[in-house]
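Undergrad: Given the sequences, and given the hints that come with them, work out the whole structure.
These are the residues of each chain, in order.
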Amino acid sequence: MEAMATDMASFPLLSVLIGLPFAAAVFLWLLPATQARAVALLASSAELAIALWVAWHFDPSRNGFQWVEKADWLPSVNVHYLLGVDGLSLLFLPFSALLFLVLLLSSRPALLPRLYFALLLSLQGMTIGIFTALDLVLFFLFWELTLLPIYFLVSIWGIGPQRRFAATQYTLWMLFGGALILFGFVVVAGMQGQSALAALPLHERLTFALPALLSVPLPVEWQLPAFLLLVTGFALKTPVVPFHVWLPVMAMEGPVAVVAMMTGLKLGAYGMIRFALPLAPQAAMEWSWLLASFGVIGIFYGGLMALNQSNLRRLLAYSSISHVGMVLLGISTMTVQGIQGAVLQLINFTVVSSGLFLLAGYLHRRTDSCEWRHLGGVVQTMPQATVFFFFFGVAGLGMPLTSGFPAEQLMLLGTISLHKGAALAAVGGQILAAGYFLLFYRRAFLGPVTQRAVREAADLQRSELYALLALAIPVLLFGLFPGWLLQLTQVPAIHWLSHMGREF
Amino acid sequence: MVEQALLWVSVLPALAALWIGGGRLFGWLDGEKSERHTAWVASLATGLALLLMLFVDLQVLLQGEVPGSIRLATWMESVGFRVLISVTADRLSLSFATLSALLGWLTVRFSIHYLHREVGFHRFFALLSLFIAALLHFVLAGNAVMAFLGWELMGLTSYLLIGYALHRVQAGESATRVIMTNRVGDAGFTVAILLGFAWLGGVEWTELLATSTLLNSWQLGILTAGFLLAAQVKSAQFPFVAWIGRALEGPTPSSAIFYGALMIHAGVYLLLRLEDLLRQSPFLMTVLIILGTLTVLYGVLVGLVQTDVKSGLICATQTQVGLMFLACGLGWFEWAAWHMAAHAGWRAYQWLSAPSYMHLIHAPTPASWRGLHRFPALYTAALARFWLDPLTDQLLLRPTRALATDLQSLEDRLLNPGMGSGPLDQAVLTLPLAAAHGTGGEGQGLPTRCLVVLADWAQWLEARILSVGGEGMVRTVDELGVYLARIDQLFSEPRYLVLMIILTFVAIL
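Which chain is which? The protein sequence lines are D and P, in order.
Using the numbering used here, read the first sequence as starting at 1 and increasing by one per residue.
Using the numbering used here, read the second sequence as starting at 1001 and increasing by one per residue.
Keep in mind the hints are simulated off the structure, nothing from the lab.
The reader is advised that the hints may include incorrect statements.
[Stated by the list, open to error] Computed cross-link-like contacts, SDA-like style, restricted to lysine to any residue with a CA-CA straight-line distance of at most 20 Å:
#  : chain 1 : residue 1 : chain 2 : residue 2
1  : D       : Lys420    : P       : Ala1225
2  : P       : Lys1310   : P       : Tyr1357
3  : D       : Lys70     : D       : Leu13
4  : D       : Lys420    : P       : His1116
5  : D       : Lys420    : P       : Trp1218
6  : D       : Lys420    : P       : Ile1222
7  : P       : Lys1310   : P       : Gly1345
8  : D       : Lys420    : P       : Thr1504
9  : D       : Lys420    : P       : Gly1202
10 : P       : Lys1033   : P       : His1116
11 : D       : Lys70     : D       : His80
12 : D       : Lys420    : P       : Leu1503
13 : P       : Lys1033   : P       : Glu1118
14 : P       : Lys1310   : P       : Thr1252
15 : D       : Lys420    : P       : Val1506
16 : D       : Lys420    : P       : Gly1201
17 : P       : Lys1033   : P       : Leu1051
18 : D       : Lys420    : P       : Leu1499
19 : D       : Lys420    : P       : Leu1215
20 : D       : Lys420    : P       : Leu1200
21 : D       : Lys70     : D       : Leu214
22 : D       : Lys420    : P       : Val1184
23 : D       : Lys420    : P       : Met1500
24 : D       : Lys420    : P       : Gly1221
25 : D       : Lys420    : P       : Glu1035
None of the values given here were measured: they were computed from a predicted structure.
TA: Next comes the structure, spelled out in structure tokens:
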């Protein structure tokens, strides 16, 4: 990007955002285990407040990264500690802070509570790191580090009998994906300076800083390998259809908090928008049809598979695969509306998808099952839970007055201006989405109560209610007033596209 | 002043719905003792909406000119994309909105006694208020997106009220079926909106009608067809006639206002709004004539064999709405508008008094018209509602399900083992196909698979060298044949043929 305007932060607020959860994770070992939850909640609330402060003081009219922090880290290979946010990544900070707060609020682990909260808090720190890191090495560090807490969270606190397997499988998949991303980054960082003199010392030939990389495009012949490596790596995490098999297993085996975070925060899709596409713009433009095809396949594959599922957790996993297909389609259109819609939908996911998974967890806690055969008539004993389930469900369908509506409309709008067939397919996918959601809703929540567990189930507890309310409010708020989100993402989206070589 | 009033017309009932719904959810409204409170809030909000409408009408009458389209604010904005918060105040919208507000308020008043001591009293009033808000929002909307908001909310409240009896399986099934049919219409509406943005740069009703002359006849046809599809589904016109019969599961006042008086006319209203667009497309006008006629025939024939009040009334309603579509197709839009207003008023009265008919007649329900008995085939067809529901099942639902099942077996048998996903809990696999064949279940990854294949191959080679017989070869060919036969069998299923055709279309577009 030509002359990327950067605003250095006077106070390292982003570092605080990253460091605070880690600090809390260490600090809670000093206190008795009974207070671990309180400490975690306190730290997470502070985190949300700071993230909101950052979002509030962000200037949406200006281009480029803001709140930038830079420090030398490994000068011998030109690696920096470089943080910053722009309009595309800014919203992920308050939303992931909110998500983690809600996840902490609704977890009450009986086993090793201190370790649990410490791992979840450190995961939060790493996640914020992923959203703010602007140096490829730093990003990669946070990216790979997340595997550690996830592995332990799943294998220790997972709910299924095969949680160890799920954890191992996930870690292996992500290590593989990580390797691809690493190769991609090495290609990008190394080949950038290739045109310069080869005799230069290493630290002058390598560039890892994103703003610098964006200002000088990668040599064209190296763009395709970099693009394919990065896109495949991120696709594994997203997950995009043929690589999605770990997600349903994880959804069945993992603890609610981790699964909600995985389906809520689509780190892979974020990686595509932030790194994979802008680092290899020409290749991305040329191969955008590939992303679009995988997007359309994903919409239908996920939707049809969700129709088959009798278990809510698996259904939500496939529905998330279907939704992310739509996001991929939105990105692949390379239009302002498509990009804005994709970012809005990713934001929307953090609340909607995690809300649904939390509800699945609440149901599971009461009835020991998420199979619709073991449920039925839930509305009669748990009306509040049902209202929230329905609300998040229709928000996922893109119902007007929820934050899903602007996101879906924008993505469809971007798609239709480019390819009518893909847009029609996506609209058809919406019908399918209504089908699998309402079918499950009817079977599990409506009808007569047949199971004892359902008859004896109590409605939401106070903390559960607050957790869901905290997620529902932004859905309604941004559904009623989407203007602010659009305003925030417009300038960076235009900029992103002009970098990709699209003119307006 | 007028514009503020028009905005509040739909916001007030929505706020009432939020208050009552919130009260029910968080417990400040519960049980019989709060019924008075709920009833008071709902009638206040809808009554105020009615008064505001009357106030606006009076203003307009005094000033002697209709304000037309009023733009209030921007809702969403991005490059080449802008959605305004705007209202339409012309003769059509003002009169229909006033009528809707009046009927809405009357229904609220009626329901207070009708639903006294019902389990879902508060829920009913929250949904009814929300519906009235949605309808008024739709009628007064200044652009297609605003109209779509109302449209979708109408569909949602209709779904929730059909499923009003939460414990009844039948209610839930009907509701799901109705909203799924409605989603088809919504998809048409969405496509029309998207095309409006893509081709015309905006979807303000006035702009849409004014700039539509720039489109070629092909584009115009597709754009209008999207709206037409939406109108057809919402007004239960042919071939989407069947859903409305299932929609009567809800309480009678809601049936009255949704399917008797107001929501069923939403499609007609949309056609009236798009009069200029339709007039440019003779082809679609012809389609309207045909569909209207078919609906009238359907309504009359099916109506003749119904033996309960609600079903008989819904067929009569459908017939009249079919006549309105027919009138639109013939270009008599003014006539259709008058018909719509008169019909809405009359039907509301008829539906609301339907529960008392039993007491009024003092006689058994008359059997169906004897004349039809002379045509047994027609009689059977009418009784079976022309088999439209089972036809949809056969043509749409079953292939979709089958496709989903095929994908599941693909994932279980090919993708999961291939990608190294582990043994799945067999209880999770609901599919007979996957269960019958077993999944191997060793949890091998691709490399392991390769190794196993390699080892197998080596062993086979060894066996072949050791023994002279060529049985192994024969067996391999046999297995291959079975596989190929299965693939062949799959692809000869009609669903794959249709899928191929759809894919081709998608790629071409």
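Undergrad: Decide, hint by hint, whether the structure agrees.
TA: Going through the hints against the structure:
1. D:Lys420 to P:Ala1225: Satisfied, since the Cα-Cα distance of roughly 15 Å is no more than 20 Å.
2. P:Lys1310 to P:Tyr1357: holds (11 Å)
3. D:Lys70 to D:Leu13: The hint holds at about 12 Å.
4. D:Lys420 to P:His1116: violated (51 Å)
5. D:Lys420 to P:Trp1218: Judged against 20 Å, a Cα distance of about 14 Å means the pair holds.
6. D:Lys420 to P:Ile1222: Distance ~12 Å between Lys420 of chain D and Ile1222 of chain P Cα, so the pair holds.
7. P:Lys1310 to P:Gly1345: holds (17 Å)
8. D:Lys420 to P:Thr1504: holds (13 Å)
9. D:Lys420 to P:Gly1202: This hinted pair holds, its Cα atoms lying about 18 Å apart.
10. P:Lys1033 to P:His1116: Holds, at roughly 11 Å.
11. D:Lys70 to D:His80: Status holds; Cα separation ~7 Å.
12. D:Lys420 to P:Leu1503: holds (13 Å)
13. P:Lys1033 to P:Glu1118: Since the Cα atoms of Lys1033 of chain P and Glu1118 of chain P sit roughly 12 Å apart, the hinted pair holds (cutoff 20 Å).
14. P:Lys1310 to P:Thr1252: Between Lys1310 of chain P and Thr1252 of chain P the Cα gap is close to 9 Å, so the pair holds against 20 Å.
15. D:Lys420 to P:Val1506: This hinted pair holds, its Cα atoms lying about 8 Å apart.
16. D:Lys420 to P:Gly1201: The hint holds at about 16 Å.
17. P:Lys1033 to P:Leu1051: Given that 20 Å is the threshold and the Cα spacing comes to 28 Å, the pair is violated.
18. D:Lys420 to P:Leu1499: holds (18 Å)
19. D:Lys420 to P:Leu1215: Holds. Lys420 of chain D to Leu1215 of chain P sits at ~16 Å (cutoff 20 Å).
20. D:Lys420 to P:Leu1200: Distance of about 15 Å is within 20 Å: holds.
21. D:Lys70 to D:Leu214: holds (17 Å)
22. D:Lys420 to P:Val1184: holds (18 Å)
23. D:Lys420 to P:Met1500: At roughly 18 Å apart (the allowed maximum being 20 Å), Met1500 of chain P and Lys420 of chain D satisfy the hint.
24. D:Lys420 to P:Gly1221: holds (15 Å)
25. D:Lys420 to P:Glu1035: Roughly 51 Å between the alpha carbons, so the hint for Lys420 of chain D and Glu1035 of chain P is violated.
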